[in-house]
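Enquirer: The listed protein sequences derive, respectively, from chains A and B.
With the first letter of the first sequence counted as 1, position 16 gets the number 16 in the working numbering; the numbers rise by one all the way through.
With the first letter of the second sequence counted as 1, position 69 gets the number 69 in the working numbering; the numbers rise by one all the way through.
Using C-beta positions, here's what the derived DEER-type ranges look like:
| no. | chain 1 | residue 1 | chain 2 | residue 2 | range |
| --- | --- | --- | --- | --- | --- |
| 1 | A | L77 | B | Q91 | 45 to 53 angstroms |
| 2 | B | F52 | A | R32 | 43 to 51 angstroms |
| 3 | A | K79 | B | K131 | 34 to 42 angstroms |
Result set (DSS-like, lysine-lysine): computed pairs, CA atoms no more than 30 angstroms apart in a straight line:
| no. | chain 1 | residue 1 | chain 2 | residue 2 |
| --- | --- | --- | --- | --- |
| 4 | B | K131 | A | K10 |
| 5 | B | K59 | A | K53 |
| 6 | A | K53 | B | K69 |
| 7 | B | K59 | A | K79 |
| 8 | A | K70 | B | K131 |
| 9 | B | K76 | B | K152 |
| 10 | B | K47 | B | K155 |
| 11 | A | K22 | B | K152 |
Hints are computed from structural coordinates only; laboratory data are not their basis.
Beta carbons: idealized from backbone N, C-alpha and C, even for Gly.
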Amino acid sequence: MKHLILSCKKATYYISLREEGKLSVTQRLQLRAHLALCSLCKLFQQQTAFITKNAIHTHINSNALLSQEKKDEMGKLVKDIIAGE
Amino acid sequence: MNTIKVLNPDGWVTNYADLLYAYTVIRINDTVAAEDIVQETFLSAWKARETFHGEASEKNWLYAICKNKIIDHFRKRSSGIAKVVVREEQQYFNDSDHWTTEKQPNNWSVDYTQPVETKEFYSVLERCKQKLNDIQQAVFVMKYLEDIDSDKICKVLELTPSYYWVLIHRAKLHLRNCLEKNWVNLS
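The following block holds chain A by itself, in its conformation from the complex:
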């Protein structure tokens, strides 16, 4: 019975593998059982899913801008290349 019980370290590791369907049937069952009983790993799973799902929108919320100087430089370069063809 003992070998069926996952540690928290392993369970949290399995959570990422499960996202890509890379767990065996036994591993999946082990993980499901662990998450049903362990509220800490369940929180880890919910919170990391929350982070990764939101992370994809990072650039929309970014204020990073190029300097006008750099943009002018790029604009000139592109213009030159177009003119050169």
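Dock chain B against chain A, hints included.
Expert: Chain B alone, transformed into the frame defined by chain A:
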């Protein structure tokens, strides 16, 4: 009547340079390299202009070129990084591999299924991401911002799958802990 999609290279810098730059800098965390990537994107796009047939919009076409350059950047960076497993995750788990009291997750009292509505989340996430080491950042960005599957990431970065999964595991442990400390108001 179909609209014929054409390229407008004269407007590229004005229309897309800032967008591509914001997209890139958040991924590679290097302002100079990000400027280079944006510039290279325009130059490559010009060279490849005859391959543009209007299936995608001009904007998405430029993004696709830019994404490839970002992946190239990670590939180049990765080849110079030692891929050694350091036993650093011990701080999260005790000798019997259970959570330590200090680093165990606490409830954030947010609805985890709902999208984040505050910009603050993103600035904290960005600061937390910068604390990851280079290779952890690369795998996190490729997997969760670029949505590339693990097999391809391993190939591009020349990682063994087991090492890749250790990196993802650690990146998540660090990010979760960092966000809990800096973004969540646990009261």
